[in-house]
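Protein chains in written order, with our numbering: chain A, 1083 to 1421; chain B, 234 to 567.
None of these hints come from the bench; they were simulated from the model.
Predicted model, so just to flag it, every value in this text is computed and none were measured.
Keep in mind that the hints are not guaranteed to be accurate.
[As the list claims (entries may be wrong)] Below, simulated DSS-like cross-link-like pairs (lysine-lysine); rule was C-alpha separation at most 27 Å, straight line: (1) 302/B with 338/B; (2) 1265/A with 406/B; (3) 1394/A with 1208/A; (4) 406/B with 1256/A; (5) 406/B with 1264/A; (6) 413/B with 1256/A.
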Amino acid sequence: MMKPRIGITMGDPSGIGPEIVVRGVNDSVVQRGCLPIVIGDPQIMSRAVQLNKSHLEVEVITNPAEATDVKDTLFVIPSGVLGDHDLIPGKTDKRYGESAAECCRDAVEFAKRGDIQCIVSTPFNKESFHLAGITSLDDMTYFETCFGEKDTAYMIGEIAGIWVTMVTYHVGLKDVSGLVTKKSVVEKTLGLHDVMQAADVSPINIGVAGFNPHSGEGGMFGTEEIDTIIPAIHDLHDRGLTVSGPIPPDSIFLNALDGRYNGIVSMYHDQANIARKILGRNDPGVTIYVGMPVPVLTVPHGTAFDIAWKGKARADVLIKAVRTAAKMALSTYVVSGKR
Amino acid sequence: MKPIIGITIGDPAGIGPEITAHALQSPEVYDACIPLVIGDADVMRQACSFVKVTPEIRTVSSPEEATGKAGVIEVLDLDNIEIGNLKMGTVQAPCGAAAYEYIEKAVHLANEGRIHAMATGPINKESLRAAKVEYIGHTEILGALTGTSDPLTLFQVDKMRIFFLTRHVSLRKAIDLIRKERILDYLSRCTEALNQLGVERKDIAVAGLNPHCGEHGLFGDEDDTEIRPAVEAAQAAGLDVTGPIGADSIFHMAVEGRFAAVLSLYHDQGHIAAKTYDFYRTVSVTLGMPILRTSVDHGTAFDVAGTGKADSAGMKEAILAAAQYAPSFAKRAG
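Given only the sequences and the hints, what does the whole structure look like? Please build it.
Below is the structure:
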């Protein structure tokens, strides 16, 4: 069996990225399921190996194809190299922003050429990014720009076995109603379905959330359900999907936890994220950006400057992200989000 | 002296009576208060059989007769249900009428100071309608019976308390209602409510409206144009208030006990947080009335009524919250 090649960006060198990447690569499930390739500064990665007292040996390569299925090796493709700069942990800096950005861009180039089947993006610092002159709204939009795409990417998150997507993302709440259309609800639900299939979820039961309190109670408080969400659900039924809804927004996660759904289509950012953050206390999930040539997986935490380079950062979320990436890359389904 | 908490059993055909019976198995409840069931003794006897418990059911004719002895369920028996005709889990006019009478009785006793707070079991909208009771829910009934027009709702679960700026309106309408003046008014009412409940901390955090509070106007500007100015004005007026804080972080922070309360801007913000955190133990407290009322956050669950399967944790929490807040509430109400 061919193992998929997963590109893992080093992340902001001054944050917890390098150290958790070392631990992510070291994970036995990751080793079994894929060939992880770090895209970053080999010197910094060596330091992170030392910090972790890891037995991994850094081997510098120039192309993902050179990575082989050998044990105890951390393959690194040089990118975002800082030179002999004396790295200061936990600091915002233009150079760190540039370094992290270059890792992302290089990862995208390898993905475009088909040399890696998934990208796992390690946290970078927004402020350092801004100092480096990058003005993208968020990391998803930055990857989208690197891929040369526009308005095609969207996010899907997994938490406690529940897969979640949002019909709208970083937009003002008053604009959401106009963006929740039959078309957008159908598209996002199909995209979620594809990703769940790619991640081997079976059977797939998707709940579509309403927009208003109690899903509008038959039009008493709002009509978005009647006007767009219910027609979208009918359309999805016609396509043969197991979809229920509109489910009152305040009950849908609860119902999913009770096992009624394993997929949720939320209408807006906070509808999903209030619940995800509450659930994340016990089980931090992974985030997947789809709609681009390869999926980009990320972790829902930041650079954690306060504990960076102290060997204290937990790597479990990153490990979960790489494992999920391996699973998705192996899948026969093409997770492009485009049908 | 322990406060007397009037517990209305709600719709006799729903899960209210059985969760009441089950909640009253907890010694913790009797440690905290004198629980007085306001309902029908036959319905309570039947409810005990549903949940397979065998306490003594003692009927009393006034709250003053209640002793609060653990192991005994004391019922102020309105004797308004013909038990032979009661069909569990269905809409029936006599049940709607009976449920209304329990609430009416409790409000009456609370107004007279003969019970110190009420904890209410779930009622059914359709049963009320069948009984020609012209109110859609507790809030409306209590508003009318106490002459209050705009009661304040507080959700509570563990360390998280949530007030609501808007509730049962469409989300688009709610967004229109998010105005500096309204927020400022609510912040002072919420602070007063915390006072009334005897909550030591008074710090209230206001949730943001847009994702990450709009990130300086990148996606939506209400956080900058309405919410922040309201918070600043409240601070200038001496209130202990912070915000706006991104809605996806603020509730998680509240769970950790970072604030006395959160002001949720719209229905689902706070409801999603509380229900996802712990649906069964979320309690609703109604304030801004001359009487104190707590309730469960779920409905009559007709599909499981009479099976003994319903979770009684919310009812127990509602009774305990009423007991916790009743002394301070009574003191401040004079």
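Tested hints:
1. 302/B with 338/B: The given pair, whose Cα atoms are some 23 Å apart, holds under the 27 Å limit.
2. 1265/A with 406/B: 24 Å, holds
3. 1394/A with 1208/A: 22 Å, holds
4. 406/B with 1256/A: 10 Å, holds
5. 406/B with 1264/A: 21 Å, holds
6. 413/B with 1256/A: 17 Å, holds
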